[in-house]
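**Q** Okay, here's what each chain looks like letter by letter:
There are 2 protein chains.
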Amino acid sequence: MNAQFLNELTELLGKENVKTTQAQLLAYSYDATANFQALPDVVVSPRHTEDVVAIVKLCDRYEMPIVPRGSGTNLAAGTCPTQGGLVMLFNHMNQILELDADNLTLTVQPGVITQTIHEYVESKGLFYPPDPSSMKISTIGGNVNENSGGLRGLKYGVTKDYVLGLTVVLPSGEVLTCGGKLAKDVAGYDLKAMLVGSEGTLGIITEIVLKLIPKPVAQKTAIAHFDSLDAAAETVSQIIAAKIIPATLEFLDNGTIQAVEEFMHLGLPLDLQAFLLMEQDGEEAQVERDVAQMIEIAKENGAIFTAVAESEAEAMKLKTGRRVALSALARKRPTTILEDATVPRSELATMVRAIEQIARDYRVQISTFGHAGDGNLHPTCLTDVRDAEEMERVEQAFEAIFDASLKLGGTLTGEHGVGEMKSPYLAWRLGEEGMFVMRAIKQSIDPKNIMNPNKIFAKSQKLRVVIHHGE
Amino acid sequence: MNAQFLNELTELLGKENVKTTQAQLLAYSYDATANFQALPDVVVSPRHTEDVVAIVKLCDRYEMPIVPRGSGTNLAAGTCPTQGGLVMLFNHMNQILELDADNLTLTVQPGVITQTIHEYVESKGLFYPPDPSSMKISTIGGNVNENSGGLRGLKYGVTKDYVLGLTVVLPSGEVLTCGGKLAKDVAGYDLKAMLVGSEGTLGIITEIVLKLIPKPVAQKTAIAHFDSLDAAAETVSQIIAAKIIPATLEFLDNGTIQAVEEFMHLGLPLDLQAFLLMEQDGEEAQVERDVAQMIEIAKENGAIFTAVAESEAEAMKLKTGRRVALSALARKRPTTILEDATVPRSELATMVRAIEQIARDYRVQISTFGHAGDGNLHPTCLTDVRDAEEMERVEQAFEAIFDASLKLGGTLTGEHGVGEMKSPYLAWRLGEEGMFVMRAIKQSIDPKNIMNPNKIFAKSQKLRVVIHHGE
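Taken in sequence, the protein lines are chains A and B.
FYI, the numbering for the first sequence is 1 to 471, going by UniProt numbering.
FYI, the numbering for the second sequence is 1 to 471, going by UniProt numbering.
A few of these clues could be false.
One copy or two, either will do: identical chains are not told apart, so a pair holds if it fits within one copy or between any two.
To be verified - Cross-link-like lysine to any residue pairs, in silico, SDA-like; alpha carbons within 25 Å at most:
hint: 1; residue 1: 319; residue 2: 286
hint: 2; residue 1: 459; residue 2: 444
hint: 3; residue 1: 243; residue 2: 83
hint: 4; residue 1: 211; residue 2: 16
hint: 5; residue 1: 459; residue 2: 45
hint: 6; residue 1: 243; residue 2: 217
hint: 7; residue 1: 442; residue 2: 173
hint: 8; residue 1: 407; residue 2: 50
hint: 9; residue 1: 211; residue 2: 165
hint: 10; residue 1: 215; residue 2: 3
hint: 11; residue 1: 442; residue 2: 177
Honestly, the hints are just simulated from the structure, not real lab data.
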């Protein structure tokens, strides 16, 4: 650590906003991703955009990597400082700045907790739909950097669909504002859209204008149990074919159901092959009709049990299985690796079966749950990072999963991001042309590569071995 | 025109797909933008992506500008070949390739007419919302390149919200595919979002995957007349504040109303200050309730006349005024210049009044209509390009309109694009930082600047003179 750099930083921010002790550095050496850890050189807390500008200019001068970090819930090592450098926190920049009811916008700083936004706008009869599972602790800045999804993605879209404006400190220290309280804007390239989901590799987001919509007046929750995966997948297809776009359409496979039952004793049959959680919101009459029709479709496809919640308490109960899925799985082995392969919705059953086969082929334990309506699955591997031999098989299994997803017209990541974990595989998805365009953009905006280095752009790429697994 | 280039082109495409006569070149020397005309060197019609690749490689070799062109309805000179070169048509690439009902996607070639898409998907009970006014003749490729809006933008968003995947021939001749039939994808930067609305400056789009939604089951149309602009604007604000997001919320000012009445004799009072067209779609009950509430809000704000259509024929009649607005204005003077300033919705009345004042200050004739719910106004100047003195005042008036829009937190263009016409003003909106990032992207992807040169990136920038007009 350059002493001169540290002095300048401390002078700028005050001692209380510059952390350098071993314990402090350790606390920001990892995020929610298994098997990635690296100490930063320093951890800082800017108080406003001007602080960020000054820090970025300093880092530019010293060619110091900058890793912006919300609450560190990232699942692809996107906030792990794998090249050291400066971790930037947004604990001081956590204010809701303005609710504009005329324009239905909310202006926030990046450090606001996602759930705080939900609660605040819903108290005004408004609605911010993106609901990543981590929303109780994740920050909106992290959500924007990762273009986070959530359970309501199918009907309402993801974070990028609700970002109207951004203030961004570029690697040069210049401040770029793009978008605003505008329903439409085609003045130049959509830089805002490019920045959302860029994982901190192009600049530091310091202010966000979000789009709000009216809060739906009614909501209803239902579940269906199936003794066959195909029946559940066919139910999903037929719901969409019936022109219903549910607010939530979530799926648990048998492994996840077993883990949930062991954990929560909900009375789920241990041989249940699939569990669907279905929710609709909107107008009262439409909600009633859609939920009734979804239940009917489930029954026609051989659902062995269905239930519709008649109260908020009942709804919470029905949602328990999906809500605790990850925790239930995570308690079974020392290490949990949550993946994010996404396929066209029509390929859901094929993909789940491919994952099952891959788990058998590589003798690893993988259970799958996720957003059935989106085709966004979360194959979750239960393993132990201390077992090097098993970890090698886990890695091979995930490569096979990526390969299977791409063969079905899917992608490596639906909502978690590339981070460092998936960067070696990104060219599999984007091709050399896509990588060329992305690298051209990155190099022209961040020529010194100080913005979250190693993320998205890999140190070394994996060769794609086309895998013929037992189908 | 290089003979060798022309020979290679003809060999590649066949004589019938290479136009070079003066009459043919003249036909593609202009688009729907007044006062811009320039002859291309050659006009070609590729038959498939491979043809486009070969043409682009040839143009790269000869450093020949390429101007992709749909139906030439562009209103910002975006498809005018102001630097000569090759105009590329998509008349052979006009097929609907696939409707995927399971994934609710439509795959199309760029030359498909927008309205053909509407009719095709609606016949299957599905819906493609973007409805630019030019949709009867515009192509989807043009819509994607311009990120076109339309009357349904407030509720349903614009073209970019419905583009899931793109195949693009890069200036190098490499083929980039991005996105796909996926509800979610965060593998790398959102290149697709950057390409939508890039006006042909980054590559040639040769295939598009569109997102569809279920067709709303019911729709209702209503109108309200106001003797004050403020009353109409307040009605718009209160409709949104009442948590109604109408499918359409359109506005005509007094000048437009007069022109419409002279043209169509609908019985509109000539002193009417504002006309609102309001539509809702969705569930029957919700549509009824929303329309009734919008009418009530209009009346509370002093509407002097309201009407609700009870049939499709009545709805068409109520919509006439808005539908013919541009034609009604255009017949009054030899030249019509349609502008596209967009402000936050709450600034609607302020902006309309600023436009009125500017028209008086510069002694030019400007009437305004547009998408009230979006804050997307179309100040329309009736003038005569042959009168150089008047044209100078027109240009000054538009500069003052851009300035007023930016002061209100608005933008230069909500849905028409920058093209060549607005390129000298773009830095007013984006600042030097925004221009730097855009130029960095453009230069790194298209180093020889062959892709639609002069568009978005100006030959010379206008200085912004902050104007203090009489408020």
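**Q** Decide, hint by hint, whether the structure agrees.
**A** Going down the list of hints, with the structure as the test:
1. 319 x 286: Within one copy only: 21 Å inside a chain, 28 Å across chains, cut-off 25 Å.
2. 459 x 444: Both, since 18 Å and 21 Å are each at most 25 Å.
3. 243 x 83: For residue 243 and residue 83, the Cα distance exceeds 25 Å both inside one copy (48 Å) and across copies (48 Å).
4. 211 x 16: This pair counts as neither: shortest intra-copy Cα distance 35 Å, inter-copy 50 Å.
5. 459 x 45: Neither. Shortest intra-copy (28 Å) and inter-copy (43 Å) distances fail the 25 Å Cα cut-off.
6. 243 x 217: Close inside one copy (21 Å) and across copies (10 Å); limit 25 Å.
7. 442 x 173: both (15 Å within a copy, 21 Å between copies)
8. 407 x 50: Intra 47 Å, inter 23 Å, cutoff 25 Å: inter-copy only.
9. 211 x 165: both (9 Å within a copy, 24 Å between copies)
10. 215 x 3: neither (52 Å within a copy, 64 Å between copies)
11. 442 x 177: both (18 Å within a copy, 19 Å between copies)
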